[in-house]
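J.: All chains, please: the whole structure from these sequences, using the hints.
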Amino acid sequence: MHNISYHAPCKLSDAVSLLLELEGSRILAGGTDLIAKWKKSHFFDMTLVDIRNIPELSVIEEVEEGLFIGAGVTMDRVSEDERILSKFPILAEAASKVGSVQVRNLATIGGNACNAAPSADTVLPLMVYGAEAVIAAKEGERRVALREFFIGPGKTVLKKGDVLKGFVIPNPPANSFAYFVKHSRRPGMDLATVGVAVLLVLESEKTADIKVILGAVGPTPIFVKGLDIFFGGKIDPDFVTRIAEHCANAASPITDVRGSKTYREAMIKRSVALCFRNHTR
Amino acid sequence: MQHKELCFKVNGREQHLLVRTNWTLAQVLREQLGLLGTKIGCGEGECGACTVLMNGKSVTSCLVMAVQAEGAEIITIEGLAEGETLHPVQEAFVEAGAIQCGYCTPGMVISTVALLEKHPTPNDEQIREGLTGNLCRCTGYQKIFEAVNIASKKMAGGEKE
Ligand SMILES: Cc1cc2nc3c(=O)[nH]c(=O)nc-3n(C[C@H](O)[C@H](O)[C@H](O)COP(=O)(O)OP(=O)(O)OC[C@H]3O[C@@H](n4cnc5c(N)ncnc54)[C@H](O)[C@@H]3O)c2cc1C
Ligand code: FES
Ligand code: FES
Numbered sequence: 001m002h003n004i005s006y007h008a009p010c011k012l013s014d015a016v017s018l019l020l021e022l023e024g025s026r027i028l029a030g031g032t033d034l035i036a037k038w039k040k041s042h043f044f045d046m047t048l049v050d051i052r053n054i055p056e057l058s059v060i061e062e063v064e065e066g067l068f069i070g071a072g073v074t075m076d077r078v079s080e081d082e083r084i085l086s087k088f089p090i091l092a093e094a095a096s097k098v099g100s101v102q103v104r105n106l107a108t109i110g111g112n113a114c115n116a117a118p119s120a121d122t123v124l125p126l127m128v129y130g131a132e133a134v135i136a137a138k139e140g141e142r143r144v145a146l147r148e149f150f151i152g153p154g155k156t157v158l159k160k161g162d163v164l165k166g167f168v169i170p171n172p173p174a175n176s177f178a179y180f181v182k183h184s185r186r187p188g189m190d191l192a193t194v195g196v197a198v199l200l201v202l203e204s205e206k207t208a209d210i211k212v213i214l215g216a217v218g219p220t221p222i223f224v225k226g227l228d229i230f231f232g233g234k235i236d237p238d239f240v241t242r243i244a245e246h247c248a249n250a251a252s253p254i255t256d257v258r259g260s261k262t263y264r265e266a267m268i269k270r271s272v273a274l275c276f277r278n279h280t281r
Numbered sequence: 001m002q003h004k005e006l007c008f009k010v011n012g013r014e015q016h017l018l019v020r021t022n023w024t025l026a027q028v029l030r031e032q033l034g035l036l037g038t039k040i041g042c043g044e045g046e047c048g049a050c051t052v053l054m055n056g057k058s059v060t061s062c063l064v065m066a067v068q069a070e071g072a073e074i075i076t077i078e079g080l081a082e083g084e085t086l087h088p089v090q091e092a093f094v095e096a097g098a099i100q101c102g103y104c105t106p107g108m109v110i111s112t113v114a115l116l117e118k119h120p121t122p123n124d125e126q127i128r129e130g131l132t133g134n135l136c137r138c139t140g141y142q143k144i145f146e147a148v149n150i151a152s153k154k155m156a157g158g159e160k161e
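First to last, the sequence lines map onto chains A and B. The numbering of the first sequence is the working numbering, which starts it at 1 and goes up by one. The numbering of the second sequence is the working numbering, which starts it at 1 and goes up by one.
It should be emphasised that the hints constitute simulated quantities derived from the structure, not laboratory data. Among the clues, some could well be false.
Pairs of lysine-lysine, DSS-like flavour, derived with a Cα cap of 27 angstroms [to be verified]:
hint	chain 1	residue 1	chain 2	residue 2
1	B	K57	A	K39
2	A	K160	B	K4
3	A	K11	B	K4
4	A	K40	B	K118
5	A	K37	B	K118
6	A	K87	B	K118
7	A	K87	A	K261
8	A	K39	B	K4
9	A	K37	B	K4
10	B	K4	A	K40
11	A	K87	A	K206
T.: Shown next as structure tokens:
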């Protein structure tokens, strides 16, 4: 009990090797989920591979398709980076709503996804923008659409020896608008009761594409399917009511300390409607 | 029990310590370096009593393992004053009466230093935002707000009375 062995490799390939060699090893990034969980679960033994010294994981750089954000980039950087603010504003917004200043200075964007909480704030914008997870493994790199990354609460497609290297986010289409709503019990320091991210593409005042991701209302973040029935429409109050209803039907919320199932269903509708408010006529 | 050597800078001084790998930074600061100003409240990142500056950024030292501080520069509440002269933020807390039991104060002061670094003349919203991660069970926050505003003025004036 209470034993921790600690490794902090400087190379990504060394991290992968350590994870494969060391029995029961796990990655430590900002530690805001892992260390808190370790303390709440009676200080179980851990073999930690700290990724903070690996340079590739902390870069933000423009790539051909859009932007690469390293898994080790902290929330404070995500919320302030000029490139993210101008191209992917709701990602910066979501990062700025994680925990507190102190939490954002530690917490990484990769840890937020890998921890796989259904309420993870930055996952919603990443998914709605169509981000791919770049995964480093012994066999080389592979990419997985973030929409296929989550399997269940706390479960992802990552296997032993896999390190999430970062995300590639494609540039959003022209005439697109993105909205994020974090509905929580209080404005600061609370997990979402309901989270919504919307990407809306308009062509001559009509909807050309709509993507909606819902958080905290199912075992994983939910990519709402079947929204094509709303393409080509004019956004009026009736349209908003129907799409909000459609999204609520796609969710499977539970009752917990943050809210009841019924309350969450109502808040999904309200939050989705809020995302369309600037375009409703 | 595993140990590891840790080299880091605390309040401007180089430290070489043998630390337990299962100790947090808060524990090492308190138990090994005797810097008892850093408090441990919740131990889970919620209350901010353990806030210190790590490479210039405020962090909850109860969620940082000591070994993660390798090479880092740490400033605790003990590192703010210069000799007998208090840091303007500390002075402001005293002047405003923003301290009751004092348990939250070291963390509050460190978070205020970080806040004023970013927003030298913060509005109410920025103060609220900057101090979200610090809980106080005594003051009702009003005096703390006043202290932040006093500190902001002191620091803008550059004077230190
Ligand atoms: C007080 C407090 C408030 C919080 N508030 C919020 C909030 O409002 N919204 C929110 O979404 N979250 C919140 N969180 C949760 C947490 O801060 C975030 O989920 C954070 O982004 C986790 O990142 P980390 O770097 O700290 O992860 P860690 O704790 O280091 O790791 C989390 C998990 O992911 C794995 N992992 C990390 N990086 C990688 C990688 N690159 N590849 C593979 N696996 C990896 C780890 O092994 C671990 O299992 C809060 C936490 C605290 C303590
Ligand atoms: S003791 Fe660290 S945040 Fe409460
Ligand atoms: S003064 Fe007592 S907790 Fe703040």
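J.: All the hints need checking, so say for each whether the structure fits it.
T.: These are the hints, each one checked on the structure:
no.: 1; hint: B:K57 with A:K39; in the structure: holds (23 angstroms)
no.: 2; hint: A:K160 with B:K4; in the structure: holds (26 angstroms)
no.: 3; hint: A:K11 with B:K4; in the structure: holds (20 angstroms)
no.: 4; hint: A:K40 with B:K118; in the structure: violated (33 angstroms)
no.: 5; hint: A:K37 with B:K118; in the structure: violated (31 angstroms)
no.: 6; hint: A:K87 with B:K118; in the structure: holds (24 angstroms)
no.: 7; hint: A:K87 with A:K261; in the structure: violated (34 angstroms)
no.: 8; hint: A:K39 with B:K4; in the structure: holds (20 angstroms)
no.: 9; hint: A:K37 with B:K4; in the structure: holds (23 angstroms)
no.: 10; hint: B:K4 with A:K40; in the structure: holds (24 angstroms)
no.: 11; hint: A:K87 with A:K206; in the structure: holds (22 angstroms)
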